[in-house]
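Undergrad: First to last, the protein sequences are chains A and B.
Under UniProt numbering, think of the first position of the first sequence as 1, with each following residue one higher.
Under UniProt numbering, think of the first position of the second sequence as 1, with each following residue one higher.
Hint data in this document are derived by calculation from the structure and do not stem from the laboratory.
One or more of the hints may lead you astray.
[To be verified] To be clear about the criterion: a stretch of chain A counts as covered by chain B if any three or more of its residues have a C-beta under 8 Å from a C-beta of chain B, and this derived list gives those stretches:
hint	region
1	118-130
2	266-276
[Stated by the list, open to error] Stretch by stretch, here's where chain B covers chain A in the computed footprint (C-beta under 8 Å, at least three residues):
hint	region
3	141-148
4	154-164
5	190-200
6	355-366
7	370-383
8	397-404
C-beta atoms are modelled at their ideal positions from N, C-alpha and C, and glycine is treated no differently.
Listed here are the chains, written in short residue letters.
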Amino acid sequence: MVTGIGVVAPGGIGTKQYWELLTAGRTATRTISQFDASAFRSRVAAECDFDPVASGLSQREIRAWDRTTQFAVVAAREALADSGVLGVSDPYRTGVMVGTACGMTQSLDHEYAVVSDEGKKWHVDDAHGSPYLYDYFAPSSMAAELAWIVDAQGPVGVVSTGCTSGIDVLGHAADLVADGTADVMLSGASDAAISPITVACFDAIRATTPRNDDPGTASRPFDRTRNGFALGEGTAILVLEEYGHARRRGAHVYAEISGHATRANAYSMTGLRADGRELAEAITTALDRARVNPGDLDYINAHGSSTKQNDLHETMAYKRSLGEHAYATPISSIKSMIGHSLGAICSLEVAASVLAIEHGVIPPTANLHEPDPDCDLDYVPVTAREQRCDTVLSVASGFGGFQSAIVLTAPERAAA
Amino acid sequence: MSVNRRDGASAPVVTGVGVVSPNGIGVEAYWKAVLAGSSGIGEISRFDTDGYASGIGGEIKGFDPAEHLPSRLVPQTDRMTRLALVAAEQTLADADLDPRSLPDFAVGVVTAASAGGMEFGQREMEALWSKGGAYVSSYQAFAWFYPVNTGQISIRHGMRGASSAVVTEQAGGLDAVAKAGRHIDQGTPHMLAGGVDSALCPWGWLCMSRSGRLSTVADPDRAYLPFDTDASGHVPGEGGALLVLEDPEAAERRGARKRYGAVVGHASTFDPRPGSGREPGLRRAIEAALDQARVGAGDIDVVFADASGVPDLDRQEAEALAAVFGPRGVPVTAPKSMTGRLLAGGASLDLATALLALRDEVVPPTVNVTSPAYGDLIDLVLDQPRECSLTYALVVARGYGGFNSVMVVRR
Numbered sequence: 001m002v003t004g005i006g007v008v009a010p011g012g013i014g015t016k017q018y019w020e021l022l023t024a025g026r027t028a029t030r031t032i033s034q035f036d037a038s039a040f041r042s043r044v045a046a047e048c049d050f051d052p053v054a055s056g057l058s059q060r061e062i063r064a065w066d067r068t069t070q071f072a073v074v075a076a077r078e079a080l081a082d083s084g085v086l087g088v089s090d091p092y093r094t095g096v097m098v099g100t101a102c103g104m105t106q107s108l109d110h111e112y113a114v115v116s117d118e119g120k121k122w123h124v125d126d127a128h129g130s131p132y133l134y135d136y137f138a139p140s141s142m143a144a145e146l147a148w149i150v151d152a153q154g155p156v157g158v159v160s161t162g163c164t165s166g167i168d169v170l171g172h173a174a175d176l177v178a179d180g181t182a183d184v185m186l187s188g189a190s191d192a193a194i195s196p197i198t199v200a201c202f203d204a205i206r207a208t209t210p211r212n213d214d215p216g217t218a219s220r221p222f223d224r225t226r227n228g229f230a231l232g233e234g235t236a237i238l239v240l241e242e243y244g245h246a247r248r249r250g251a252h253v254y255a256e257i258s259g260h261a262t263r264a265n266a267y268s269m270t271g272l273r274a275d276g277r278e279l280a281e282a283i284t285t286a287l288d289r290a291r292v293n294p295g296d297l298d299y300i301n302a303h304g305s306s307t308k309q310n311d312l313h314e315t316m317a318y319k320r321s322l323g324e325h326a327y328a329t330p331i332s333s334i335k336s337m338i339g340h341s342l343g344a345i346c347s348l349e350v351a352a353s354v355l356a357i358e359h360g361v362i363p364p365t366a367n368l369h370e371p372d373p374d375c376d377l378d379y380v381p382v383t384a385r386e387q388r389c390d391t392v393l394s395v396a397s398g399f400g401g402f403q404s405a406i407v408l409t410a411p412e413r414a415a416a
Numbered sequence: 001m002s003v004n005r006r007d008g009a010s011a012p013v014v015t016g017v018g019v020v021s022p023n024g025i026g027v028e029a030y031w032k033a034v035l036a037g038s039s040g041i042g043e044i045s046r047f048d049t050d051g052y053a054s055g056i057g058g059e060i061k062g063f064d065p066a067e068h069l070p071s072r073l074v075p076q077t078d079r080m081t082r083l084a085l086v087a088a089e090q091t092l093a094d095a096d097l098d099p100r101s102l103p104d105f106a107v108g109v110v111t112a113a114s115a116g117g118m119e120f121g122q123r124e125m126e127a128l129w130s131k132g133g134a135y136v137s138s139y140q141a142f143a144w145f146y147p148v149n150t151g152q153i154s155i156r157h158g159m160r161g162a163s164s165a166v167v168t169e170q171a172g173g174l175d176a177v178a179k180a181g182r183h184i185d186q187g188t189p190h191m192l193a194g195g196v197d198s199a200l201c202p203w204g205w206l207c208m209s210r211s212g213r214l215s216t217v218a219d220p221d222r223a224y225l226p227f228d229t230d231a232s233g234h235v236p237g238e239g240g241a242l243l244v245l246e247d248p249e250a251a252e253r254r255g256a257r258k259r260y261g262a263v264v265g266h267a268s269t270f271d272p273r274p275g276s277g278r279e280p281g282l283r284r285a286i287e288a289a290l291d292q293a294r295v296g297a298g299d300i301d302v303v304f305a306d307a308s309g310v311p312d313l314d315r316q317e318a319e320a321l322a323a324v325f326g327p328r329g330v331p332v333t334a335p336k337s338m339t340g341r342l343l344a345g346g347a348s349l350d351l352a353t354a355l356l357a358l359r360d361e362v363v364p365p366t367v368n369v370t371s372p373a374y375g376d377l378i379d380l381v382l383d384q385p386r387e388c389s390l391t392y393a394l395v396v397a398r399g400y401g402g403f404n405s406v407m408v409v410r411r
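For reference, chain A alone in the conformation it holds in the complex (with noise of 0.2 Å):
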């Protein structure tokens, strides 16, 4: 059971602002602000206006933690404010499970830089690296500051898998959950790698958008003119709770996590076969996990990365999964307004899916004017969609050959 959510995303520091952004298809992509991108190809990225003291960090936090931790900290205390659990659960029952794609890549980027004398020096210098190096290289020290917030001593983790991260490892999460092993779960993903050396390994293999002149509306997921995907940064972390505890204490459930999985392409680290026979299969056996028919289907969250490859791949699964249902069903892509953060953005999606349940309105694929003819589906164009949601896929595909899929329901069904 979802009974908290904590968000830092671009346009918006917290789960309301986050929501109104959505909700009202504003776009959250811009010329990159954080370091000089004018040398390289894409220039564009979807940033968080985060002000970590303003967001309650302090000097020794600010100083020691890398960006990806400072999100992560402040996510995970609204979640927890949200859910009211602090405190009440049992330390031995309570674990963190957080997902990352880049871990402190922000920091070791900027550290190297130092060490190396700006790359001059493959004998980096020991002198002058920060005290820090270690939190950097090993990000389950992310993990670990969670868990000392949430005074969790039960299993904590980082469960890593790319651009499928924020899926995979709510989904491990509520295993943990589901076969006892803890009562409550902080997790989700956080991503803030909006640097030189990612921006330079995406311009390498031209995944990321060149659309420079015009930031706003860089990201056009199914649209006919999309032309990759735009970088972002942010973090979703939930309080999951076992159904039991949170009934018994009286928490507010926005939704079960009812069912996930994930598989491998096995067949390419960057690229995808357009059938989407591993993405379906996913999709496929996460709906029979959470009991759910194709036709059950209020809403799905898509991964719509805005390259044309992805576009396709993830049509034809939702075809291949759910047959006639796929044209039935709305189907958004949120990264339209909030762009890709890589292992964050899919729980950022979750996130999205959850509060889609609560207040039923299904966000909109923004900047999609042009619907490419391959991508003939219920793309929930621009508008921002009234509608009840019972029922909530999300879905992923990331670099490894990944390929995920979760269920949400409406709590009423954990009930009945």
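Following the hints, complete the assembly by docking chain B onto the known chain A.
TA: Okay, now just chain B, sitting in the frame of chain A:
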């Protein structure tokens, strides 16, 4: 404490093992070296350690990736991935498992990582900062990231089942195997799991030195002395192990020949915040793993220790073992004293070693320890292998930050 119970009949069986280690590539070469007390620890030769406080490590010597891997895979992979690909090939061969001969989504892979492909990453960051973004390799996007070994193994062998990667520092080598067990329970009957890791480049070395846990002793035989009165930290190494885990019925159906043992219990816990004065989580993890395995402390025949080499952590571990098993209640060993700590690979190698110990009913030794510090608490097996009847082994792994992971295996 209620944990997910695993009854003996359905516990996943280990049907194949592969090892790449500083003291041996290949299971039997490694096992022979371990029983002989032969160490792979020495002065770092891969790069110049002048200017760094530490210079001792466990390197895999004489490994030429071109001898083992197709030429297209070499330029796109970090050393840790090359080593992992070699271990994966060995492991599948040992298990006689060909994923392409099985149904489409029947085989998955879960690996543990600590920091991703650091040497590859250093080279590309050097190109970025010294020459510019246009000089960064098109492979960087996936050669550095944490689940690279999972992805490359899956692609090379056609494994499409549920796959993942975990990053819990040095506890990850067991957590990955436990997660693979969950994938089996959820319908992927054949899993490859474990960790193979390396960060032996100047950048990785500098980061690791900031853990404050590396020994600065310059003598390779005196640098890593877990549970010794002269313990001064550990030495890093590279390598690890992968295992094939299978649903026992699925293994039977495909005619798997080998059974190294069964993974019957696992638990992970986390320590309270440092300085809180509360008991670390290790004892609870051991007890919960025993509970899941449905065995008592008296059933365990040997413990493979985490053996941090940091005096405070060694003492914590010795105290936890004595609390559960009684003072000197069970033989304890640390064959990693011959390899160094292999980041995310170390605990998987300990698990593989435990299975080999069960197979041959012999406890491999801990080397170089001459002055045991906790002789009243633990019975450390020193210098010579100890032959005894072995049915159950317990493996302990602890990760920087407070991660505890414990696994029980049965012959």
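Undergrad: Holds or violated: the region 370-383 of chain A covered by chain B, criterion of 3 or more residues with Cβ-Cβ distance under 8 Å?
TA: violated (count 0)
Undergrad: Given as covered by chain B, does the region 118-130 of chain A meet the bar of three residues or more with CB within less than 8 Å?
TA: Since three or more residues must qualify, the claim that chain B covers the region 118-130 of chain A holds, with 10 doing so at under 8 Å.
Undergrad: Quick one: see if chain B covers the region 141-148 of chain A, three-plus residues with Cβ-Cβ under 8 Å.
TA: It holds: at least three residues are needed, and the region 141-148 of chain A offers 5 whose Cβ sits within less than 8 Å of chain B.
Undergrad: Taking 8 Å as the C-beta cutoff, is the stated coverage of the region 397-404 of chain A by chain B satisfied by three or more residues?
TA: Since 4 is at least three, the answer is holds.
Undergrad: Holds or violated: the region 154-164 of chain A covered by chain B, criterion of 3 or more residues with Cβ-Cβ distance under 8 Å?
TA: Answer holds; 9 residues pass the 8 Å Cβ test.
Undergrad: The region 355-366 of chain A covered by chain B? Criterion: 3 or more residues, Cβ-Cβ distance below 8 Å.
TA: violated (count 0)
Undergrad: Taking 8 Å as the Cβ threshold, is the statement that the region 266-276 of chain A is covered by chain B upheld or broken by the three-residue rule?
TA: Held - the region 266-276 of chain A has 5 residues with a Cβ nearer than 8 Å to chain B, which meets the minimum of three.
Undergrad: If you count the residues of the region 190-200 of chain A with a beta-carbon closer than 8 Å to a beta-carbon of chain B, do you get 3 or more?
TA: holds (count 4)
Hint compliance for this structure: hints 6 and 7 are broken, all remaining hints hold.
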